[in-house]
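Heads up: the sequence lines are chains A and B, in that order.
Here our numbering is used: the first residue of the first sequence is 1, the next is one more, and so on.
Here our numbering is used: the first residue of the second sequence is 1, the next is one more, and so on.
Derived from the structure by calculation, the hints contain no laboratory data.
Quick reminder that beta carbons are idealized off the backbone N, C-alpha and C, glycines included.
Check the hints yourself; a few may be wrong.
[As the list claims (entries may be wrong)] Using C-beta positions, here's what the derived DEER-type ranges look like:
| id | chain 1 | residue 1 | chain 2 | residue 2 | range |
| --- | --- | --- | --- | --- | --- |
| 1 | A | Gln22 | B | Arg107 | 24 to 32 Å |
| 2 | B | Ser83 | A | Asn65 | 36 to 44 Å |
| 3 | B | Gly41 | A | Arg77 | 35 to 43 Å |
| 4 | A | Thr86 | B | Ala112 | 29 to 37 Å |
| 5 | A | Thr5 | B | Ala17 | 20 to 28 Å |
| 6 | A | Asn65 | B | Glu15 | 29 to 37 Å |
| 7 | A | Ile54 | B | Asn59 | 26 to 34 Å |
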Amino acid sequence: NAGVTQTPKFQVLKTGQSMTLQCAQDMNHEYMSWYRQDPGMGLRLIHYSVGAGITDQGEVPNGYNVSRSTTEDFPLRLLSAAPSQTSVYFCASSLSGTARDTQYFGPGTRLTVL
Amino acid sequence: GNSVTQMEGPVTLSEEAFLTINCTYTATGYPSLFWYVQYPGEGLQLLLKATKADDKGSNKGFEATYRKETTSFHLEKGSVQVSDSAVYFCALLDTGGFKTIFGAGTRLFVKA
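Could you put the whole structure together from the sequences, leaning on the hints where they help?
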């Protein structure tokens with residue numbers, strides 16, 4: 001098992017550009033989520049999904065879109081990047097999204113918006 | 001709303017010292033509580049968890065007890081090693097599930 005994989009590892013964008021951060025898991029997990037990590041603020045939930053075709057907003061969803069067409073993949077789209085979106089982004093997955101099941105994190109994508 | 005507050009770091013200890021990292025929470029209902037660890041350049045890993053009051057989570061010599069009366073979940077280890085140097089995050093998952101709330105993280109440095 002590869003676990004949770006994320007691409008790219010690093011990305012630099014200019015303000016206004018768009019891009020998609022990729023996340024995939026091979027553990028047949030129903031629950032997937034995206035977080036951003038900023039210094040002194042811990043991780044904050046952006047969006048999550050409890051299964052293919054189902055997504056919902058977390059704490060900080062503005063400026064980000066998600067979709068879940070397959071169980072394995074959960075891409076995060078930035079439609080028009082802003083410097084405030086400079087952060088480290090983590091994808092995570094678990095079997096159910098409840099406390100019964102362990103949440104597994106990917107290695108992260110470091111994004112800089114100039 | 002729900003929130004988690006943990007002690008600011010960094011915390012610097014010598015090898016074999018006793019570790020405590022304080023964590024308190026605010027939540028309605030009966031959340032589940034977690035400690036995650038992040039090693040340099042990596043994603044977070046679950047360290048331990050407790051899902052109801054008075055439960056004690058433990059793993060790799062680390063322990064934390066879910067204290068509802070003080071809304072706390074302090075992390076302890078009796079004898080730290082250099083390899084424990086990392087950032088530690090306290091977190092809660094509310095009763096309904098799906099949305100984990102993290103504290104700001106506490107960086108631990110252990111000197112040989």
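Exercise. Which hint numbers doesn't this structure obey?
Worked result: 3, 5, 6
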